[in-house]
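Residue numbers (our numbering), protein chains in the order written: chain P, 201 to 538; chain U, 457 to 805.
Hints are computed from structural coordinates only; laboratory data are not their basis.
Given the structure is predicted, the values throughout are model-derived calculations rather than measurements.
Among the hints, a few may not be true.
What the hints assert, rightly or not - Short, incomplete list of chain P residues facing chain U, as computed with Cβ under 10 Å: (1) Trp309; (2) Glu313; (3) Tyr448; (4) Leu453; (5) Gly480.
Stated by the list, open to error - Just a sample of chain P residues kept apart from chain U, beta carbon distances all over 12 Å, derived: (6) Arg210; (7) Thr215; (8) Ser242; (9) Asn302; (10) Val416; (11) Ala417; (12) Asp421; (13) Arg464; (14) Glu521.
As the list claims (entries may be wrong) - Anything over 12 Å on all C-beta distances counts as not near chain P; from chain U, calculated: (15) Arg487; (16) Pro603; (17) Ala649; (18) Pro721.
Beta carbons are placed, not taken as given, at the ideal position from N, Cα and C, and that holds for glycine.
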Amino acid sequence: MTVLDVRELRTTFQTREGAACAVDGVSFTLERGRVLGLVGESGSGKSVTSLSLMRLLPRGVSVEGQALLNGFDLVTADDADLRRLRGDEIAMIFQDPTTSLNPVYTVGWQVEEMIRLHNEIPRAQVHQRARDMLGAVGIAQPAARLDDYPHQFSGGMRQRVMIAMALANNPSVLIADEPTTALDVTTQAQILVLLRRLRAEFDSAIMLITHDLGVVAEICDDVAVMYGGRIVERAPVDEIFESPRHPYTWGLLDSMPSRATSGRLRSIPGTPPSLTELPGGCRFHPRCPVAMEKCRTDAPALRSAGGGDDGHLDACHLAAEQKRARGQGLASAPAASR
Amino acid sequence: MTEPLLVVEDLVKDFPVRRGAVFGRQVGTVRAVDGVSFDVRPGETLGIVGESGCGKSTLARCVMRLLDVESGRIEFAGRDITHLSRREMRDVRSDLMMVFQDPYESLNPHMRVGDIIAEPLEIYKRRPEGGIRHRVKELLDRVGLRPEHYDRFPHEFSGGQRQRIGIARALALEPKLIVCDEPVTALDVSVQAQILNLLSDLQGEFGLTYIFIAHDLDVVRHVSDRLCVMYLGQISERGRCEDVYRHPRHPYSASLMAAVPIADPKLARARKPIVLEGEIPSPLDRPGACRFHPRCPRATEICAAEDPPARQFEPDHEAHCYFPVERWPLDDPSELASRTDPDAAVQSS
Numbered sequence: 201m202t203v204l205d206v207r208e209l210r211t212t213f214q215t216r217e218g219a220a221c222a223v224d225g226v227s228f229t230l231e232r233g234r235v236l237g238l239v240g241e242s243g244s245g246k247s248v249t250s251l252s253l254m255r256l257l258p259r260g261v262s263v264e265g266q267a268l269l270n271g272f273d274l275v276t277a278d279d280a281d282l283r284r285l286r287g288d289e290i291a292m293i294f295q296d297p298t299t300s301l302n303p304v305y306t307v308g309w310q311v312e313e314m315i316r317l318h319n320e321i322p323r324a325q326v327h328q329r330a331r332d333m334l335g336a337v338g339i340a341q342p343a344a345r346l347d348d349y350p351h352q353f354s355g356g357m358r359q360r361v362m363i364a365m366a367l368a369n370n371p372s373v374l375i376a377d378e379p380t381t382a383l384d385v386t387t388q389a390q391i392l393v394l395l396r397r398l399r400a401e402f403d404s405a406i407m408l409i410t411h412d413l414g415v416v417a418e419i420c421d422d423v424a425v426m427y428g429g430r431i432v433e434r435a436p437v438d439e440i441f442e443s444p445r446h447p448y449t450w451g452l453l454d455s456m457p458s459r460a461t462s463g464r465l466r467s468i469p470g471t472p473p474s475l476t477e478l479p480g481g482c483r484f485h486p487r488c489p490v491a492m493e494k495c496r497t498d499a500p501a502l503r504s505a506g507g508g509d510d511g512h513l514d515a516c517h518l519a520a521e522q523k524r525a526r527g528q529g530l531a532s533a534p535a536a537s538r
Numbered sequence: 457m458t459e460p461l462l463v464v465e466d467l468v469k470d471f472p473v474r475r476g477a478v479f480g481r482q483v484g485t486v487r488a489v490d491g492v493s494f495d496v497r498p499g500e501t502l503g504i505v506g507e508s509g510c511g512k513s514t515l516a517r518c519v520m521r522l523l524d525v526e527s528g529r530i531e532f533a534g535r536d537i538t539h540l541s542r543r544e545m546r547d548v549r550s551d552l553m554m555v556f557q558d559p560y561e562s563l564n565p566h567m568r569v570g571d572i573i574a575e576p577l578e579i580y581k582r583r584p585e586g587g588i589r590h591r592v593k594e595l596l597d598r599v600g601l602r603p604e605h606y607d608r609f610p611h612e613f614s615g616g617q618r619q620r621i622g623i624a625r626a627l628a629l630e631p632k633l634i635v636c637d638e639p640v641t642a643l644d645v646s647v648q649a650q651i652l653n654l655l656s657d658l659q660g661e662f663g664l665t666y667i668f669i670a671h672d673l674d675v676v677r678h679v680s681d682r683l684c685v686m687y688l689g690q691i692s693e694r695g696r697c698e699d700v701y702r703h704p705r706h707p708y709s710a711s712l713m714a715a716v717p718i719a720d721p722k723l724a725r726a727r728k729p730i731v732l733e734g735e736i737p738s739p740l741d742r743p744g745a746c747r748f749h750p751r752c753p754r755a756t757e758i759c760a761a762e763d764p765p766a767r768q769f770e771p772d773h774e775a776h777c778y779f780p781v782e783r784w785p786l787d788d789p790s791e792l793a794s795r796t797d798p799d800a801a802v803q804s805s
C-alpha cells in the first residue's frame, strides 16, 4: 500500500552563484512495510530530498511538486499541519545521533515528549510506552536508562534512542538519513538487524538514505540511485545488483573494492558536479564512458528500458540491449570473488 | 628474506587523563597503544584495521614520531629512531611521509598548491633537476592534476583532488615509507576508487612501502599484502591479508568480517548475521587479560584472568586467543560461541 507518493519534487536554493536546483523533478512512492534505499554521492540531492519531505529546509528555499502522505500534501502543509504530522505520521532519524539529542534533558524526557505531543494519555502510560520503546530497540534495563542523559549513552545506543523516538507513535513513514554512517562496523551491524526487525514489527514505510551499496544490499527492498538532483535508476534491489542499467550505477558498483576482480578498480573519472554548475542534458554525461552526442543536449526521462512493466526504470539514452548486456556482464563477475 | 624496512617492538603510548577545566590535574593515564609489535617489508602494504578508539591512528603518529612513546622500539631502515631528537629526526623524515585522512584540514588554506607541494623540497634544500617549479609540475601531473593548478588555492579543489595534493606533497622527497591514515574515508565511493588506484600505481612505479590504516575492511583487503587487526590498543590478529580474510582466527576479527555488509542482496539475505553484543569499552576502563573477553561469545574464566598467548597458524599468521575460531565461514552464527576446549581436544587425540 502506498503511504507516500512523491511527484515531481523540485527544491531550489538561492545562492550567490545563482539558483541551485538540489532536487530536480524527483518522483517515487513509499510502500507500507518496504524499505526504499536512496543512494548517491555527495551533492546528489538525497539528503535534500528527505529534508524537503520533512519540510525542514530554511524559509526562502523553494519546494515545488507534490508529496502526498496518505493523501495529504506535505509540500503545501502549514506549520500547524507539520507539527501534527512530524513525529506522528512521518519521522526521521539523522546521521549523527550526538547532535540530534538534547544534552540537557534526560533520554526518558525526550522519548516521552514525542509521545505526549501526539497523544492525550495519562502520564503513567506515557512513561510505560517510553520504557517499552527503549526495550524494543534493544536497550538493556530500559526503566533505569530513562533517567540517564544522552552523554551517558554510547554512539550506537544514542542511535537506538533516536530510533525509539522516531517509532514511538508508529509513523507511516520513517526517513533514515545515513543512520549508520557515523557508527563502527560492528555497531552498524547491530543497527541494521534492529531496523530489519522493526520494519516487520511496526510495518512503517522506510526511506533509507545512504552512500553505501553494502547497506542497501543488506536491508533495502527497492533502490533509487540519484545523481545531480535526479533519480537516474530505480528498481527492486536484486535488479540493481544483478542487471544495473544506468552507466552511473555501473560505475558505483565497479568502484567498490569488495566487487573488484583485479588489483585495479574501474572507477568513475572526474568528481560529482557542484549544484551551481550542473551540466546540461544528462547530468552524468561529462563522466560517462558511453556518452553520445544526444546526452549533452537531451535529458533522458526515467522510463522502463524494455518498454515493459518490470518496475525497473532508468534515465539513459543507451539502447536497451546495450544496457542489458553490459549490466549483466558486470553483475556476473564479482560473485566468484566472495 | 629481505630485511624489514620498519620494525616496531612492544610499543606503548599513554595519554594523561586530566580533571578540572583550567588547571587540569592529572588523575590517571589511558594506554592508547599497549605493547604493539609488527614489521613492514620493503615494497609491501601493511594494513591496520580496527574500530574507533582501537589506537590505530595513535600508532601511526608514534611511528611517525609525531608522538613520543613510553616504551618500546621503532627501527626504520636499520636505524633506531625511537629516541631521536627533533633535529636528528629531520634526516629520517624525508624517507618517512604521511597522508592524512581529512584533505580539508591537512592543507594550509593560505598557501598555493604549488607552494604546498614545494615546501618539503625547500625545507630540505633540494635542488631538483630543472628547478623546484618544474619538479612540482611533474608531481602534479603524476598524481593526476594539471600543471596549471600550481597557482590555485586548496579551496578551489574537491576532496579527491585535495587528497591528490596531499599525496604529491608526500611524494616530493621520494620517501621510502608512506603512512596513509584513513586516506579515502572522507571521499565519495567513485573518488575513493580513483585514489586507491593512484596509490597502487605509485607504489609500483616508485617501489613505495605503505602502512595503510582504515576502518573499512573492504578497502584494507583490497590494498594490503599483510594485515594487523587492532582492538583496544593491541594487535589481536595479524597475518597475510588473504589468510586472515579467508579464515580469521580471532573471534574479534571474525565478528568484524561478519559485520561488513555484503554488496549482494541475495548473499546478504542468505547470511545469518553474527552480531557482537555491546560496544568497544572506553579505554579508561579497559578489561584486563584478553581485552575482548567481555564481548566475546567464546570467553571463559581464563580469558578474564590471563593474557592469551600468540598462536601460530599459517606461517606469519598469528592470533592472541585461547579459543581461536576453528573453521570459517560458519554455517551458523551460533557456532562462534561453541568452542572446543583445547585441553579436551588434546586428551581425546
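Hint-by-hint comparison with the structure:
| no. | hint | result |
| --- | --- | --- |
| 1 | Trp309 | violated (24 Å) |
| 2 | Glu313 | violated (26 Å) |
| 3 | Tyr448 | holds (9 Å) |
| 4 | Leu453 | holds (7 Å) |
| 5 | Gly480 | violated (20 Å) |
| 6 | Arg210 | holds (24 Å) |
| 7 | Thr215 | holds (16 Å) |
| 8 | Ser242 | violated (6 Å) |
| 9 | Asn302 | holds (22 Å) |
| 10 | Val416 | violated (8 Å) |
| 11 | Ala417 | violated (4 Å) |
| 12 | Asp421 | violated (9 Å) |
| 13 | Arg464 | violated (6 Å) |
| 14 | Glu521 | holds (25 Å) |
| 15 | Arg487 | holds (20 Å) |
| 16 | Pro603 | holds (19 Å) |
| 17 | Ala649 | violated (3 Å) |
| 18 | Pro721 | violated (4 Å) |
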